[in-house]
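**Student:** Residues per chain, in single letters:
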Amino acid sequence: SQQGEEDPQALSIQEGENATMNCSYKTSINNLQWYRQNSGRGLVHLILIRSNEREKHSGRLRVTLDTSKKSSSLLITASRAADTASYFCATRGGSEKLVFGKGTKLTVNP
Amino acid sequence: SQTIHQWPATLVQPVGSPLSLECTVEGTSNPNLYWYRQAAGRGLQLLFYSVGIGQISSEVPQNLSASRPQDRQFILSSKKLLLSDSGFYLCADGDTQHGYTFGSGTRLTVV
Numbered sequence: 001s002q003q004g005e006e007d008p009q010a011l012s013i014q015e016g017e018n019a020t021m022n023c024s025y026k027t028s029i030n031n032l033q034w035y036r037q038n039s040g041r042g043l044v045h046l047i048l049i050r051s052n053e054r055e056k057h058s059g060r061l062r063v064t065l066d067t068s069k070k071s072s073s074l075l076i077t078a079s080r081a082a083d084t085a086s087y088f089c090a091t092r093g094g095s096e097k098l099v100f101g102k103g104t105k106l107t108v109n110p
Numbered sequence: 001s002q003t004i005h006q007w008p009a010t011l012v013q014p015v016g017s018p019l020s021l022e023c024t025v026e027g028t029s030n031p032n033l034y035w036y037r038q039a040a041g042r043g044l045q046l047l048f049y050s051v052g053i054g055q056i057s058s059e060v061p062q063n064l065s066a067s068r069p070q071d072r073q074f075i076l077s078s079k080k081l082l083l084s085d086s087g088f089y090l091c092a093d094g095d096t097q098h099g100y101t102f103g104s105g106t107r108l109t110v111v
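Here the protein sequences line up with chains A and B, keeping their order. According to this note's numbering, the stretch in the first sequence is residues 1 to 110, in order. According to this note's numbering, the stretch in the second sequence is residues 1 to 111, in order.
To be clear, the hints were calculated from the coordinates, so they are not data collected in a lab. It is possible that some hints are incorrect.
[Stated by the list, open to error] As a list, the in silico SDA-like pairs of lysine to any residue whose alpha-carbon atoms are at most 25 Å apart:
| hint | chain 1 | residue 1 | chain 2 | residue 2 |
| --- | --- | --- | --- | --- |
| 1 | A | LYS105 | B | SER84 |
| 2 | A | LYS26 | B | GLY43 |
| 3 | B | LYS79 | B | SER29 |
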C-alpha cells in the first residue's frame, strides 16, 4: 500500500534556483526518509528525519517534518544540473520494510 | 560501509523463460535484504524481504519467488516470465531506523 505521496510529480527549474518537494503520508511514523535516484540507477539515501524532529539540514538539503499535517518537505538550495534526478520519500510500512512514494522528477536546466 | 552487488545490469528474456537475478552484500553481516521492482516512471513496489537465511516474506503474490541460501546472498527467480515482469529490479539492504543501501539494479525486458 502507498504510504507516502510526493508532490509535484515533476518540477523543472533553472540552475541556482531552489527546489521544493513535498511528501504526504497517511499513518503515524517514527521517521521519514528521502532518497535520490539518478536515471537508470539505484536509489541513494539522502536524509532521515525522526518524528520528534521538525527540521534537519545536510549540506544544501533541508528537510522539514510536520507530524500534525502528516507531511514533509525537501528543499534543495542553489540547485545544480547534477541535482537532476527523481526524489522519493519513504516511511515504514509495517514490520521491517519501507514503503516509497512515486517520486518527484526534478530537472535542473543549466 | 556496505556494498550491494547486482547482476546482470540488463537482461532481455523471452516470455516463458526462467529468471534468476542475484544480489550479494559486502561489508555487513546478517543484513535485512529486499527486492523491489520499479515500472517505467513509477514508484517502487516491494516484492520480497528477508531478515535471515531461509526466511522470506512475500509482499505480492505472483510468478516470482525469492531465496536466501547464504547470509549475504538474495536471489530472485521465476520459472516462466510474463510480459508484465518487465521492469527495473533493485536489491537493497538496511533497516527502517537507519535507511537502505541499494544496488545499481537490473533492467529486465521480457519480449
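**Student:** Against each hint, give a clear statement of whether it holds in the structure.
**Tutor:** Structure-based check of all given hints:
Among the hinted pairs, LYS105/A with SER84/B is consistent with the structure: their alpha-carbon atoms are about 24 Å apart, no more than 25 Å. Annotation: proposed proximity of LYS26/A to GLY43/B holds, straight-line Cα distance about 17 Å (limit 25 Å). Using a Cα cut-off of 25 Å, the hinted pair LYS79/B and SER29/B is violated, with the two alpha carbons roughly 30 Å apart.
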